[in-house]
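Trainee: Read top to bottom, the protein sequences are chains A and B. The opening residue of the first sequence carries number 1 in this note's numbering; numbering runs sequentially from there. The opening residue of the second sequence carries number 1 in this note's numbering; numbering runs sequentially from there.
Just so you know, the hints here were simulated from the structure itself, not pulled from any lab data. Mixed in with the good hints, there may be bad ones.
[Stated by the list, open to error] Within a straight-line C-alpha distance of at most 25 Å, the following computed DSS-like cross-link-like pairs (lysine-lysine) qualify: (1) Lys110/A x Lys173/B; (2) Lys138/A x Lys158/B; (3) Lys173/B x Lys7/B; (4) Lys110/A x Lys98/A; (5) Lys138/A x Lys80/A; (6) Lys110/A x Lys162/A; (7) Lys162/A x Lys115/A; (8) Lys138/A x Lys162/A; (9) Lys138/A x Lys229/B; (10) Lys76/A x Lys138/A; (11) Lys98/A x Lys158/B; (12) Lys229/B x Lys98/A; (13) Lys113/A x Lys162/A; (14) Lys113/A x Lys244/A; (15) Lys80/A x Lys98/A.
[Stated by the list, open to error] Listed next, with one range per pair, are the computed distances between beta-carbon atoms: (16) Thr227/A x Asn127/B: 20 to 30 Å; (17) Tyr139/A x Pro87/B: 38 to 48 Å; (18) Ala131/B x Ala231/A: 20 to 30 Å; (19) Thr65/A x Asn127/B: 50 to 60 Å.
[As the list claims (entries may be wrong)] Reference listing, derived: stretches of chain A covered by chain B, where coverage requires no fewer than 3 residues with Cβ under 8 Å from a Cβ of chain B: (20) 93-100; (21) 119-125; (22) 227-238.
For clarity, every value in this text was computed on a predicted model and none was experimentally measured. Glycine is no exception: its CB is placed at the ideal position from the N, C-alpha and C atoms.
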Amino acid sequence: MTTGEPLIVLDGVNKWFGPLHVLDDVSLSVGRGEVVVVIGPSGSGKSTLCRTINRLEPINSGTITFDGQPLPAEGKPLAKLRSEVGMVFQSFNLFAHKTILENVTLGPIKVRKEKPAAARERGLALLDRVGIANQADKYPAQLSGGQQQRAAIARALAMQPKAMLFDEPTSALDPEMVGEVLDVMTSLAREGMTMVVVTHEMGFARHAANRVIFMADGQLVEDAPPTEFFANPRSERARDFLSKILTH
Amino acid sequence: MNVLIDKFDVFAGGFWLTLQICVLAAIGALLLGAVVAVLRISPVPPLRAVGTAYVNIFRNMPLTVVLFFAAFGLPALGSNADFLRIPGLDAIFSRLGTDLPYFRFGLIALVLYTAAFVCEALRSGVNAVPAGQAEAARSLGLTFGQNLRHVVLPQSWKASVVPLGSVIIAMIKNSALVGFFGVVGDLAQTADQLTSAGGYAFIPVAIGISVGYLIMTVPLGALLDRLEKRQAVAR
Numbered sequence: 001m002t003t004g005e006p007l008i009v010l011d012g013v014n015k016w017f018g019p020l021h022v023l024d025d026v027s028l029s030v031g032r033g034e035v036v037v038v039i040g041p042s043g044s045g046k047s048t049l050c051r052t053i054n055r056l057e058p059i060n061s062g063t064i065t066f067d068g069q070p071l072p073a074e075g076k077p078l079a080k081l082r083s084e085v086g087m088v089f090q091s092f093n094l095f096a097h098k099t100i101l102e103n104v105t106l107g108p109i110k111v112r113k114e115k116p117a118a119a120r121e122r123g124l125a126l127l128d129r130v131g132i133a134n135q136a137d138k139y140p141a142q143l144s145g146g147q148q149q150r151a152a153i154a155r156a157l158a159m160q161p162k163a164m165l166f167d168e169p170t171s172a173l174d175p176e177m178v179g180e181v182l183d184v185m186t187s188l189a190r191e192g193m194t195m196v197v198v199t200h201e202m203g204f205a206r207h208a209a210n211r212v213i214f215m216a217d218g219q220l221v222e223d224a225p226p227t228e229f230f231a232n233p234r235s236e237r238a239r240d241f242l243s244k245i246l247t248h
Numbered sequence: 001m002n003v004l005i006d007k008f009d010v011f012a013g014g015f016w017l018t019l020q021i022c023v024l025a026a027i028g029a030l031l032l033g034a035v036v037a038v039l040r041i042s043p044v045p046p047l048r049a050v051g052t053a054y055v056n057i058f059r060n061m062p063l064t065v066v067l068f069f070a071a072f073g074l075p076a077l078g079s080n081a082d083f084l085r086i087p088g089l090d091a092i093f094s095r096l097g098t099d100l101p102y103f104r105f106g107l108i109a110l111v112l113y114t115a116a117f118v119c120e121a122l123r124s125g126v127n128a129v130p131a132g133q134a135e136a137a138r139s140l141g142l143t144f145g146q147n148l149r150h151v152v153l154p155q156s157w158k159a160s161v162v163p164l165g166s167v168i169i170a171m172i173k174n175s176a177l178v179g180f181f182g183v184v185g186d187l188a189q190t191a192d193q194l195t196s197a198g199g200y201a202f203i204p205v206a207i208g209i210s211v212g213y214l215i216m217t218v219p220l221g222a223l224l225d226r227l228e229k230r231q232a233v234a235r
């Protein structure tokens with residue numbers, strides 16, 4: 001799946017929240033078209049890792065390069081980079097005062113300066129693709145959690161990003177809605193989208209990931225293909241983690 | 001109580017002058033307050049510091065002192081605040097254009113003082129918008145300005161309207177001070193004129209003045225109550 005130079009490279013990344021060392025010398029590279037799932041106990045730094053890639057969290061030391069370019073500092077170049085990296089949040093974060101279709105078209109119209117009619121047409125196609133075209137004119141609060149998250153995925157895809165970051169996309173969902181969101185993510189993965197997915201969905205990690213990253217205490221502890229990781233975790237901490245979540 | 005009828009024109013004139021200064025000060029304070037609020041939430045630390053310093057100074061200083069600075073400090077610096085003689089505007093608000101600068105000084109003080117409170121009311125509205133939405137907007141590549149314009153402000157406005165209204169009501173009441181800083185003939189100073197110069201009994205005059213202020217503030221309060229109820233339904 002991986003071709004050419006990697007799309008995302010983290011090298012020796014450190015981050016502190018006050019005295020808390022949330023990312024401890026993390027190095028990671030993600031190839032084009034690769035799907036990397038990040039798992040680990042809560043507080044292990046996996047969400048922070050995900051958020052550093054589009055600089056929603058600035059880092060204290062180390063380097064992050066995206067598509068061959070180091071992450072720029074705050075300003076226009078950073079806004080441009082962010083427009084090329086889609087992000088999906090745990091709490092959806094749809095714009096509450098805009099309809100679903102307006103949510104999806106805001107970025108293309110304001111950032112990419114696309115014509116509204118063209119953006120709407122593509123927005124509707126994306127909503128259709130995630131299965132909520134009939135909700136286009138509703139407001140986020142009128143949708144179920146699963147529908148909102150699919151709308152948020154469509155909003156990120158509308159920017160035609162080079163990579164997608166998912167920060168625990170199903171953690172805030174009722175159990176019966178997890179499947180519909182994972183289905184959309186799985187189909188994206190099959191189409192070759194580069195994805196970094198922080199999740200607790202081990203099923204998704206098994207069947208959709210190329211690699212599984214296990215994090216604990218801010219460190220990247222394991223990096224292995226899913227079959228290898230789940231069958232034969234090398235570290236004690238990963239074995240402990242898996243035994244806690246897979247016994248039920 | 002005859003003074004209310006006999007001197008109705010004096011009360012009406014005072015009411016009109018107070019209304020003028022309040023309308024102008026409200027507009028000025030909303031504009032300046034919005035600028036200061038943008039500074040205070042800006043991603044650039046020096047701009048944030050300027051905004052914070054502004055609020056700390058003008059929110060924590062008595063309005064009387066601000067008025068002293070405007071009425072005595074500006075002339076000492078050689079300014080008659082002539083920049084407020086805005087052509088066209090001074091046709092409606094005639095005192096803006098007069099040679100006597102005290103209306104302009106009073107206006108400046110009210111605007112500077114009230115803008116600090118406007119800023120905080122606007123900012124409380126911004127804080128009411130879930131931070132995740134601003135993050136989502138940033139992650140789409142929207143700039144700070146686009147984020148404010150398309151995502152944050154349209155939503156924060158709803159949460160700001162009621163506290164902003166309270167700020168403006170307080171400003172209308174505070175405007176009563178300008179009459180004692182050379183703005184002859186505003187509603188509050190009218191009382192002084194009628195009692196000490198005109199020899200009228202104090203209580204009827206005070207009642208007349210109070211009614212004048214209530215005519216401005218009570219409808220504004222009622223309007224805010226209605227807005228608040230409508231928002232509760234929308235939520």
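Trainee: Could you tell me which of the hints above the structure violates, numbers in ascending order?
Mentor: 1, 5, 8, 10, 14, 16, 18, 19, 21, 22
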